[in-house]
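**Student:** Once you have looked at the hints, place chain B on chain A.
First to last, the sequence lines map onto chains A and B. Per numbering that gives the first Met the number 0, residue 0 is the first one in the first sequence, and the count goes up by one each step. Per numbering that gives the first Met the number 0, residue 0 is the first one in the second sequence, and the count goes up by one each step.
The set of hints was computed from the structure by calculation and includes no laboratory data. Quick reminder that beta carbons are idealized off the backbone N, C-alpha and C, glycines included. Do not rely on the hints blindly, as some may be mistaken.
[Said to hold, decoys possible] Ranges of calculated distance between the beta carbons of each label pair, as one might list FRET restraints:
| no. | chain 1 | residue 1 | chain 2 | residue 2 | range |
| --- | --- | --- | --- | --- | --- |
| 1 | A | E113 | B | Y43 | 42 to 52 Å |
| 2 | B | K180 | A | N111 | 40 to 50 Å |
| 3 | B | K180 | A | E177 | 29 to 39 Å |
| 4 | B | K180 | A | H153 | 35 to 45 Å |
| 5 | A | N109 | B | S127 | 26 to 36 Å |
| 6 | A | P112 | B | E144 | 36 to 46 Å |
[Claimed, not checked] These stretches of chain B come out as covered by chain A in the derived footprint (C-beta under 8 Å, 3 or more residues):
| no. | region |
| --- | --- |
| 7 | 124 to 136 |
| 8 | 166 to 178 |
Okay, here's what each chain looks like letter by letter:
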Amino acid sequence: MKIVGLRLATTAVFALAFAFAVQAADRDEGGNSPHGFQAKLEYCKTCHGLSGEGYRGYFPMPRLAGQQPKYIENQLRAFIERRRVNPVMFNVAHVLSPSTLASLSEHFRNLNPEPIGGGPKDHMALGKTIYEQGLPESNVPACSACHGPEAKGHEEIPRLAGQLFPYTLKALSYWGKERGLGGSRDDTSAIMVPTTHNLTHEQMSAIAAYLSYMK
Amino acid sequence: MKRITSKRAVLAIILACAANPLSAQESLPIRNCTWCHGASAQGYTSAPRLAGQTHRYIENSLLSFKNHTRDNPNSKQYMWGAAGNLSRETARGFAVYFSELPASPANDGDEALATEGKSIYVDGRPDSNVVSCIVCHGPNAEGFEGIPRLGGMGHDYLKRRLEQWNEGYHAAAEPMPRIAKRLSANEIEALASYLSFVR
Numbered sequence: 000m001k002i003v004g005l006r007l008a009t010t011a012v013f014a015l016a017f018a019f020a021v022q023a024a025d026r027d028e029g030g031n032s033p034h035g036f037q038a039k040l041e042y043c044k045t046c047h048g049l050s051g052e053g054y055r056g057y058f059p060m061p062r063l064a065g066q067q068p069k070y071i072e073n074q075l076r077a078f079i080e081r082r083r084v085n086p087v088m089f090n091v092a093h094v095l096s097p098s099t100l101a102s103l104s105e106h107f108r109n110l111n112p113e114p115i116g117g118g119p120k121d122h123m124a125l126g127k128t129i130y131e132q133g134l135p136e137s138n139v140p141a142c143s144a145c146h147g148p149e150a151k152g153h154e155e156i157p158r159l160a161g162q163l164f165p166y167t168l169k170a171l172s173y174w175g176k177e178r179g180l181g182g183s184r185d186d187t188s189a190i191m192v193p194t195t196h197n198l199t200h201e202q203m204s205a206i207a208a209y210l211s212y213m214k
Numbered sequence: 000m001k002r003i004t005s006k007r008a009v010l011a012i013i014l015a016c017a018a019n020p021l022s023a024q025e026s027l028p029i030r031n032c033t034w035c036h037g038a039s040a041q042g043y044t045s046a047p048r049l050a051g052q053t054h055r056y057i058e059n060s061l062l063s064f065k066n067h068t069r070d071n072p073n074s075k076q077y078m079w080g081a082a083g084n085l086s087r088e089t090a091r092g093f094a095v096y097f098s099e100l101p102a103s104p105a106n107d108g109d110e111a112l113a114t115e116g117k118s119i120y121v122d123g124r125p126d127s128n129v130v131s132c133i134v135c136h137g138p139n140a141e142g143f144e145g146i147p148r149l150g151g152m153g154h155d156y157l158k159r160r161l162e163q164w165n166e167g168y169h170a171a172a173e174p175m176p177r178i179a180k181r182l183s184a185n186e187i188e189a190l191a192s193y194l195s196f197v198r
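The shape of chain A in the complex, shown without the other chains (with noise of 0.2 Å):
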């Protein structure tokens, strides 16, 4: 009997010692640490717009809202282990913890602004057909296979919907290039690859441009 008053009581200590712990993890996190997550989210916003919907400046900052977590995720990895290359992330995703990192994907996973558009309009048409079709002649698979029918993205697989024009075009255009680098077996980018290299720079655009709109 005493025995197990004196474990229950151990057992209380811990979980008082373990609750302070925590509330103090959430203090930081939450509080006015610039490491904590609402100074991560204001810096995240700072470049990826206020919303989350993306920003044009001399290079074109991608859109997060409505991204899957789990790909947002898997590119902060790559950055940091060289698998994508990108000065400026590289040195941004060294400064998320995973918890902190967890929370700010789950919050531009549930933003949904306008999006940007800003595609030339004059090859629509050609990317729907593309986007939904592919070209069985070039084989290009279609992208909503992957993407889905509404370009939302699944897990590690992107959304695009929504995406800045020459975002998505430069990324079209450099497969090989930027991502997959390093062959990890847990980096998914490769395939791309050969999924768009019969493609032209006018189809690329079309694609590129269908998404810019689409919501």
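**Tutor:** Here is chain B on its own, set in the frame of chain A:
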């Protein structure tokens, strides 16, 4: 007869001179700008260099002086009046004219701080949530569309602009107020120094 011919020739020359690149120089009162910004628009003390600036940025700036969203003390004192009656077309004319002038760097920052300034410009300060400048202003601080060229502008102007975001001026110019509020005084000094040397 001979006299008439030579008179006609003179007249023709005068007309040719007047009619030729009448364009910007003659149809726009450029001289009103150069009193402060300098004869070749390279800037002078608190008046920034206009030469080589992106035309979209100059045009937007002139219109934001007119609608008073650019509101620091110098803007109020000089530019509100200067831009008060500008039409969009005239603003565009000025913008294109100045954007095409060759620019030379001010080189007036502290050389000892240039390396630190460059590192902030390129990488930001991820630990204190300072974003990289390169992503918007370009690898050579050349600007992009409505985003200004910063390379080679005067140290004092750059420094004051960076300080003024934090003082509440030009609050409409998102995202700059949010970016600059995270910069320390030393970081501002280093950035302004580095940029003044960029060609």
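**Student:** Next step is simple, just say for each hint if it's right about the structure.
**Tutor:** Right, here's what the structure says about each hint:
no., hint, in the structure
1, A/E113 with B/Y43: 42 to 52 Å, "holds (43 Å)"
2, B/K180 with A/N111: 40 to 50 Å, "violated (28 Å)"
3, B/K180 with A/E177: 29 to 39 Å, "holds (32 Å)"
4, B/K180 with A/H153: 35 to 45 Å, "holds (38 Å)"
5, A/N109 with B/S127: 26 to 36 Å, "holds (27 Å)"
6, A/P112 with B/E144: 36 to 46 Å, "violated (21 Å)"
7, 124 to 136, "holds (count 10)"
8, 166 to 178, "holds (count 4)"
Hint violations for this structure: numbers 2, 6, all remaining hints satisfied.
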